[in-house]
Amino acid sequence: MSVVLADLAYWQETTIRLVVGLLAVLLPAGTLVYLFLFKMMSFMQSRLGPMEAGPYGSLQLLAEVGKFLQKEDILPKAADRLVFKLAPFVVLISTFLLILVIPAGPDLWFIDVDTGIFLALAVSSISVIGILMAGWASSSKYSLLGALRATGQLIAYELPMVLAVVGVIIQAGTLNVQDIVLAQATGEIFGFGGIGNPFVITQFLGFLIFLIAVQAELTQPPFDMPVAESELVTGYLTEYSGLRFLMFFIGEFATAAIFSALAATLFLGGWYVPGLDVTDNLFNVIGPIILLGKTLLIAFFIFWFRFTYPRFREDQLQQLAWKVLIPLSLINIVITGVLKVVF
Amino acid sequence: MTDVTDTKQMAYIAAQAADARVNLEIETEGMTLNIGPQHPATHGTLRIVVKLDGEQVISAEPLMGYMHRGYEKLSEVRTYPQVTTLVNRIDWLGSFANEVPFILAAEQLMEVEAPPRAQWIRTALFEMSRIANVVLFLGDMGVQLGAVTPVFFAFRDREFILNQIEAVTGGRFHPNFDRIGGLRDDLPKGWIEETQGVLKRIRDFCDEIETLVVGNEIFQSRTRNIGVIPPDVGLSYGLSGANIRSSGVDWDIRRDGGVGLVHHELDWKVWTHPDGDSFARFWVRLQEVRESCTMIEQILDGIPAGPVMAKVPRIIKVPAGEAYVETENPLGVMGYYIVSKGDLTPFRVKIRSASFNNVSITPWLLKGVYVPDVISILASLYFILGDIDR
Numbered sequence: 001m002s003v004v005l006a007d008l009a010y011w012q013e014t015t016i017r018l019v020v021g022l023l024a025v026l027l028p029a030g031t032l033v034y035l036f037l038f039k040m041m042s043f044m045q046s047r048l049g050p051m052e053a054g055p056y057g058s059l060q061l062l063a064e065v066g067k068f069l070q071k072e073d074i075l076p077k078a079a080d081r082l083v084f085k086l087a088p089f090v091v092l093i094s095t096f097l098l099i100l101v102i103p104a105g106p107d108l109w110f111i112d113v114d115t116g117i118f119l120a121l122a123v124s125s126i127s128v129i130g131i132l133m134a135g136w137a138s139s140s141k142y143s144l145l146g147a148l149r150a151t152g153q154l155i156a157y158e159l160p161m162v163l164a165v166v167g168v169i170i171q172a173g174t175l176n177v178q179d180i181v182l183a184q185a186t187g188e189i190f191g192f193g194g195i196g197n198p199f200v201i202t203q204f205l206g207f208l209i210f211l212i213a214v215q216a217e218l219t220q221p222p223f224d225m226p227v228a229e230s231e232l233v234t235g236y237l238t239e240y241s242g243l244r245f246l247m248f249f250i251g252e253f254a255t256a257a258i259f260s261a262l263a264a265t266l267f268l269g270g271w272y273v274p275g276l277d278v279t280d281n282l283f284n285v286i287g288p289i290i291l292l293g294k295t296l297l298i299a300f301f302i303f304w305f306r307f308t309y310p311r312f313r314e315d316q317l318q319q320l321a322w323k324v325l326i327p328l329s330l331i332n333i334v335i336t337g338v339l340k341v342v343f
Numbered sequence: 001m002t003d004v005t006d007t008k009q010m011a012y013i014a015a016q017a018a019d020a021r022v023n024l025e026i027e028t029e030g031m032t033l034n035i036g037p038q039h040p041a042t043h044g045t046l047r048i049v050v051k052l053d054g055e056q057v058i059s060a061e062p063l064m065g066y067m068h069r070g071y072e073k074l075s076e077v078r079t080y081p082q083v084t085t086l087v088n089r090i091d092w093l094g095s096f097a098n099e100v101p102f103i104l105a106a107e108q109l110m111e112v113e114a115p116p117r118a119q120w121i122r123t124a125l126f127e128m129s130r131i132a133n134v135v136l137f138l139g140d141m142g143v144q145l146g147a148v149t150p151v152f153f154a155f156r157d158r159e160f161i162l163n164q165i166e167a168v169t170g171g172r173f174h175p176n177f178d179r180i181g182g183l184r185d186d187l188p189k190g191w192i193e194e195t196q197g198v199l200k201r202i203r204d205f206c207d208e209i210e211t212l213v214v215g216n217e218i219f220q221s222r223t224r225n226i227g228v229i230p231p232d233v234g235l236s237y238g239l240s241g242a243n244i245r246s247s248g249v250d251w252d253i254r255r256d257g258g259v260g261l262v263h264h265e266l267d268w269k270v271w272t273h274p275d276g277d278s279f280a281r282f283w284v285r286l287q288e289v290r291e292s293c294t295m296i297e298q299i300l301d302g303i304p305a306g307p308v309m310a311k312v313p314r315i316i317k318v319p320a321g322e323a324y325v326e327t328e329n330p331l332g333v334m335g336y337y338i339v340s341k342g343d344l345t346p347f348r349v350k351i352r353s354a355s356f357n358n359v360s361i362t363p364w365l366l367k368g369v370y371v372p373d374v375i376s377i378l379a380s381l382y383f384i385l386g387d388i389d390r
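As given, the protein sequences belong to chains A and B, one line each in that order. Quick note, in our numbering, the first sequence goes up one by one and the last residue is 343. Quick note, in our numbering, the second sequence goes up one by one and the last residue is 390.
Hints in this document: simulated from the structure, not taken from any laboratory. Mixed in with the good hints there might be a few duds.
Partial list, computed: chain A residues near chain B (C-beta under 10 Å) [claimed, not checked]:
| # | residue |
| --- | --- |
| 1 | E13 |
| 2 | T14 |
| 3 | T234 |
| 4 | T308 |
Predicted, not measured: the structure shown is a model, and the values here were computed from it. Glycine included, C-beta positions come from ideal geometry on N, C-alpha and C.
Based on the provided sequences and hints, a complete structural model is requested.
This is how it looks when you write it as structure tokens:
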């Protein structure tokens with residue numbers, strides 16, 4: 001994008017960035033909701049899902065958005081009004097910041113920073129603040145319990161996620177996300193360079209830990225303790241309705257899409273497919289599509305677990321994070337470091 | 001008071017003050033959380049007031065009566081045949097089973113007995129309502145623990161059983177089919193063959209649940225050793241049904257009491273589990289669904305021919321007297337105590353419903369557990385609000 005935009009005026013560039021940014025967040029999020037939440041979940045549960053709006057219910061998303069826009073916007077009497085209204089935006093901010101660093105082609109990215117992956121992992125935890133704001137400001141006990149659970153959980157699973165990524169960083173030798181993709185594209189596995197070196201093969205343990213941590217970061221089952229609908233009604237979302245609920249909803253699925261894209265970039269080679277030269281300009285066109293395909297593959301696993309498993313209890317999921325995932329990811333780092341020296 | 005010296009008293013006051021200071025410094029305030037009456041996990045309007053310290057329950061108190069409909073009182077102004085329409089709605093998931101003990105008690109007072117064919121069909125419908133009821137529990141337990149998929153399977157396969165009940169009685173949920181002295185009608189044509197197919201589906205459903213839920217590690221870690229009821233405590237709280245059998249008490253009225261139904265002529269087994277935890281309650285119910293399938297299969301093979309209605313007068317006047325009959329209903333022991341003064345209507349009806357007793361153990365059981373376990377324990381106790389409040 002940087003190359004394409006070089007000759008344009010500032011306002012033109014900003015407008016294009018804004019539109020593309022919105023599309024990059026909303027389009028995958030909508031795809032996820034329709035493809036997995038509506039259709040895959042329905043087929044797994046032996047029902048059809050939405051069928052009326054558009055062919056195979058494909059316009060159901062628009063209907064849902066329309067429904068949420070029409071709903072009454074309820075503000076609890078005892079709520080902290082300003083914080084209550086701000087919370088959904090804070091959650092969305094982290095979503096939009098995350099998309100910045102993910103490249104969709106050799107020249108397609110929003111910002112190119114040398115500490116890209118560091119930035120991504122740092123901003124991903126901003127959503128915790130939004131969730132805590134939502135839970136506290138709602139002045140509801142269920143919301144508060146949910147928000148506290150969410151905070152504890154997100155902090156606990158931030159750590160294995162970062163540590164799992166460290167393995168990738170060691171192997172790629174860079175923090176720049178674009179360079180990580182290039183390292184996978186040009187890499188070799190034991191001297192064989194036919195398919196590059198997607199880190200899912202060499203960093204399989206890291207990949208698994210990353211997926212589990214992502215599942216927990218997204219508060220999706222089996223880690224959906226914060227929004228456990230059978231216990232806490234819907235946790236920190238309990239008091240939200242209408243447009244604000246929609247923003248949380250978009251935030252949830254956009255974050256799911258972006259974390260899947262991040263996993264695809266870090267472990268599956270991002271926008272690169274074997275067979276073409278890395279510098280080929282064609283990647284600027286097909287790169288986003290390839291990335292979306294890989295994103296959907298990762299998201300498929302995330303949602304598959306979501307619809308299958310019951311949820312952990314709070315103490316059990318903390319135990320899983322601190323006693324299993326973190327030691328495993330530390331072992332992964334050690335092994336990766338040793339192998340990096342050896343080979 | 002005489003042996004309290006000044007020094008002792010001063011020491012006591014000092015200790016109390018020190019305690020108070022410590023309590024002030026690290027004071028954590030308890031929180032009262034109302035689970036219900038409107039809450040997605042209470043199947044209706046049960047309200048449980050829990051006092052929490054963090055997420056740990058200090059005390060829990062179930063408050064009932066939000067759905068009290070006064071069936072005992074209403075029965076006093078209904079004729080005997082009319083009462084069955086009311087009691088259908090007590091345990092609304094297995095509604096035919098609610099009629100049976102009332103009709104049996106009335107038959108006992110009138111000293112009539114249903115013809116054999118009616119008794120066999122009665123037993124078949126009784127067990128089918130158990131399946132319709134417990135199948136939903138098997139799916140619902142997953143929902144309470146966060147797995148949304150099993151309940152859809154449960155609703156899907158329960159439909160087949162409901163169709164069969166509807167084919168006989170004309171009602172999916174409120175059959176109102178049992179009569180004093182027999183049944184309203186005979187079986188429709190082809191029903192027996194269809195039911196055999198349906199039972200196979202139910203068995204498949206049980207296998208599906210076994211692989212999808214019972215074998216799941218997270219499910220096991222959420223239910224094993226959670227909400228353990230020792231047999232003596234369970235008995236002292238009056239628990240019944242699968243709740244007490246999963247504590248290892250081998251007690252089933254279908255086998256041990258059993259008037260008016262033909263369970264003793266069938267070859268079946270009472271399942272118990274030694275653990276008494278949430279998992280045991282789930283597992284025992286799963287086995288009981290299978291056992292019910294076995295029973296119905298035997299009934300379908302062995303229904304005797306003959307009439308379905310004994311000779312009873314058109315206008316039923318029950319002779320004066322008292323009768324109490326209880327049966328092993330899907331949720332536990334259900335009994336009707338009928339006092340008749342020889343009128344068209346009962347003088348007094350007392351309904352002993354299982355869920356009322358099953359829920360009464362919650363203050364003892366929920367003490368010290370975490371909020372997520374409150375839900376899973378309540379789900380595993382399996383109550384129906386109509387069965388609590390009547």
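Results of checking the hints against the structure:
1. E13: Hint on E13/A: violated, closest Cβ of chain B at ~45 Å, above 10 Å.
2. T14: violated (43 Å)
3. T234: With Cβ-Cβ at 9 Å, under 10 Å, it holds.
4. T308: holds (6 Å)
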